[in-house]
Amino acid sequence: MGAAMGNDRPRFQRWLLGARTAETAGALFDRHVLAAVLTVAYGDPWAALDMGMGLSRGQLAALVVRHFPHAASELLARVSDGDGAAPLNDGEEALRALLLARRGGEALEQVWLAHILARRAQEGRRLWQDMGLEGRSELTAVMTRHFRPLRLLNTSDLPWKTFFNRALCQGLEEDGRRRCRASSGLSLRR
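Under our numbering, the first residue of the sequence shown is numbered 298, with each subsequent residue one higher.
Zero decoy hints are in this set.
Okay, the calculated beta carbon distance ranges per label pair:
#1 L450 with R308: 35 to 41 Å
#2 N386 with L325: 29 to 35 Å
#3 L373 with L325: 20 to 26 Å
#4 C466 with D378: 31 to 37 Å
#5 G432 with D341: 18 to 24 Å
#6 G432 with A358: 26 to 32 Å
#7 A374 with S453: 42 to 48 Å
#8 D378 with D305: 25 to 31 Å
#9 R363 with T441: 17 to 23 Å
#10 T452 with A344: 31 to 37 Å
#11 W343 with G401: 30 to 36 Å
#12 P446 with R308: 35 to 41 Å
It should be emphasised that the hints constitute simulated quantities derived from the structure, not laboratory data. Since the model is a prediction, treat every value here as computed from it, not as a measurement. By construction, the Cβ of each residue, glycine as well, lies at the ideal position given by its N, Cα and C atoms.
With these hints in hand, go ahead and build the complete structure from the sequences.
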């Protein structure tokens, strides 16, 4: 399927989601979000899948086996020889730490999404676009479901990259120190 994907991202995403199982609405939403970001990352011919998602090979394998076992051989053939989880810059590392510290529970999906969100925030478009989501409301739903403490702090409903930058500047990190990273590495486009 992957080699033939070309520009047919919707078809690739439908293929990923094709294997239906009995799932709750929340689990279905998680699969949708993960399929969307996998589709975007897979569609980048210049980046290995683990690098595009900010996940280690082991994390990516666990995610794929758990949510898309029918696609494991196709997806895992696109991993790098390096460590996709290694932060690209200080901004990614700080955002990942913030997300991990303010997640709503202990689910593996929250760890994976913290890595994915921090990596995809390094891209130049709106974060929901770089995640492959259909709109900002889907990204807000991800934040509500998995990072509720942060979602509740975004009282002005700021675009998420703007909010993350402000959160990092205002010292919302666990150690409470005030740190402003004007060049955090996050793209400030909304």
